[in-house]
Amino acid sequence: MRIQGKDDLRELLAAEYVLGTLVGAARRRFERWMAQDPSLAHLVARWGTRLSPLAESIPDTNVPTRVWDALIKRIPALAPPQRAEPDNWWKNLNFWRASATAMAAVAVIAVGIALHDQERFTSRTPQTAAATSAAFVATFSDDKTHRPVAVMIIPENGNEVILQLVAADVVVPEGKTLELWTAKAQGNGMDPAGLVPTISTSRAVRFVVPDARVLRHATLLGLSLEPAGGSPAPTDVIGVATVSPIAS
Amino acid sequence: MDAYQNTEDLTDLVARVALGDQKAYRRLYDVTSAKLFSVAIRILRNQGRAEEVLQDAFINVWNSAGSYNASLSSPMTWLITIVRNRSLDYIRRIDRGEVELDDDLAAMLESGAPGPEQLLLRSEDAAALNLCLGRLDAGPRQAIAFAYFQGLSHSELAKSLQVPIGTVKTWIRRGLEKLRHCLQAED
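Protein chains in written order, with our numbering: chain X, 6 to 253; chain U, 12 to 198.
Please keep in mind that the hints were generated in silico from the structure rather than gathered at the bench.
Please note that a few of the clues may not be correct.
Said to hold, decoys possible - Derived pair list, reagent style DSS-like, types lysine-lysine, alpha-carbon separation capped at 30 Å:
1) U/LYS189 with X/LYS149
2) X/LYS11 with U/LYS189
3) X/LYS78 with X/LYS149
4) U/LYS170 with U/LYS189
5) U/LYS180 with U/LYS170
6) X/LYS181 with X/LYS149
7) X/LYS189 with X/LYS78
8) X/LYS189 with X/LYS149
9) X/LYS181 with X/LYS78
10) X/LYS78 with U/LYS170
11) X/LYS11 with U/LYS34
Said to hold, decoys possible - Over the 10 Å line for every Cβ pair with chain X, so calculated as not near, a few chain U residues:
12) ASP20
13) GLU62
14) ASP148
15) ALA158
16) GLY162
17) GLN173
18) VAL174
19) THR178
Claimed, not checked - Listing some non-contacts, in silico: residues in chain X with all C-beta distances to chain U over 12 Å:
20) TYR22
21) TRP38
22) ALA60
23) ARG218
Ideal placement from N, C-alpha and C gives every residue a C-beta, glycine not left out.
Kindly generate the complete structure, drawing on both the sequences and the hints.
Have a look at this one:
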């Protein structure tokens, strides 16, 4: 290590690391040194202790309860069972199916998208199939409030789908991505079905999924917020949906 | 002050969280999150981002409570470090635009050392820091305080304090050095 033995430099880097003025590559490099050098980690801890009375002097700010609610959903050991059990999605789903207002709201939007994209989809749809259905629609709704969150159009052929966010307050934070899921045919749990690219300001995105057949045949779809790159299992589900054919 | 703000109690809570005690985790969250949320808001300047960082920080606490070392730092310092580092990483990734200096903090710094109202003299450590910050010149004191509270980088500090970046770097380097000598003498 290049800073071994240089006590003043080590102190200064430790202090600036804690202060936050050590930035970028220098910060990352310092973290690597710290991981291998317990005495450097010790200096950092000392600076953290020296300066922490400043942070403790800041007046408290009430934390919205949604932070805790969202937090425990991300920790498997703490997640409320009614939220984590896939069975419950079905219960909610039945409730949602019965919710005529939710259906009406999403149907209008879904038809709007379908009309808009009809040309593109029908051009890929075999003429023989056009008489029955041109595409499928999945309307994702929040499994607690049953509010529609997003609508997805899945063509009868091909792997290119369209996803439109309909809830204005659904945002994808920096470093996060939306991911699609399908309920496992047997047993509990969800299988990943594709990552959603960054959604533009129009809130709609057209993208290719690995295999749209699994979406068309799924009993239940999920849409979740995940760290960039996706997850092996859904962590923050924002909507669930069944798939229905759209008559053309 | 909440009885649980006491270091032994928090240490006990963190130790129980490390064993997977869910009630202890809730209690730790209840007694520390409001302070930590303030710390994140000051740096991130945005409630939504601060909520996100607080969430991530507490997931980290659940997963890494076992690695907390009570001989290195107090539980509150450990928690503040987690929240500050996550907040700092967040703002360096995004462009948070022009950063305005906190009015109340600016006023406090202009009037000299942080007074007992702003910097509660909860402990000997806080009293020593208060005293030693007060011995710094205004420039270094402001640069260090704004960097700590608001996560300003050298260039942001130069812009906000309207001095060349070289001056900011010198203020911080010498200020921290002086602070360390002063605090060691106070130990």
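Going down the list of hints, with the structure as the test:
{"no.": "1", "hint": "U/LYS189 with X/LYS149", "in the structure": "violated, 56 Å"}
{"no.": "2", "hint": "X/LYS11 with U/LYS189", "in the structure": "holds, 18 Å"}
{"no.": "3", "hint": "X/LYS78 with X/LYS149", "in the structure": "holds, 13 Å"}
{"no.": "4", "hint": "U/LYS170 with U/LYS189", "in the structure": "holds, 24 Å"}
{"no.": "5", "hint": "U/LYS180 with U/LYS170", "in the structure": "holds, 13 Å"}
{"no.": "6", "hint": "X/LYS181 with X/LYS149", "in the structure": "holds, 22 Å"}
{"no.": "7", "hint": "X/LYS189 with X/LYS78", "in the structure": "holds, 20 Å"}
{"no.": "8", "hint": "X/LYS189 with X/LYS149", "in the structure": "holds, 21 Å"}
{"no.": "9", "hint": "X/LYS181 with X/LYS78", "in the structure": "holds, 16 Å"}
{"no.": "10", "hint": "X/LYS78 with U/LYS170", "in the structure": "violated, 41 Å"}
{"no.": "11", "hint": "X/LYS11 with U/LYS34", "in the structure": "violated, 45 Å"}
{"no.": "12", "hint": "ASP20", "in the structure": "holds, 15 Å"}
{"no.": "13", "hint": "GLU62", "in the structure": "violated, 5 Å"}
{"no.": "14", "hint": "ASP148", "in the structure": "holds, 17 Å"}
{"no.": "15", "hint": "ALA158", "in the structure": "violated, 5 Å"}
{"no.": "16", "hint": "GLY162", "in the structure": "violated, 5 Å"}
{"no.": "17", "hint": "GLN173", "in the structure": "holds, 18 Å"}
{"no.": "18", "hint": "VAL174", "in the structure": "holds, 14 Å"}
{"no.": "19", "hint": "THR178", "in the structure": "holds, 14 Å"}
{"no.": "20", "hint": "TYR22", "in the structure": "violated, 9 Å"}
{"no.": "21", "hint": "TRP38", "in the structure": "holds, 15 Å"}
{"no.": "22", "hint": "ALA60", "in the structure": "violated, 5 Å"}
{"no.": "23", "hint": "ARG218", "in the structure": "holds, 35 Å"}
When held up to the earlier numbered hints, the structure conflicts with 1, 10, 11, 13, 15, 16, 20 and 22 and fits the remainder.
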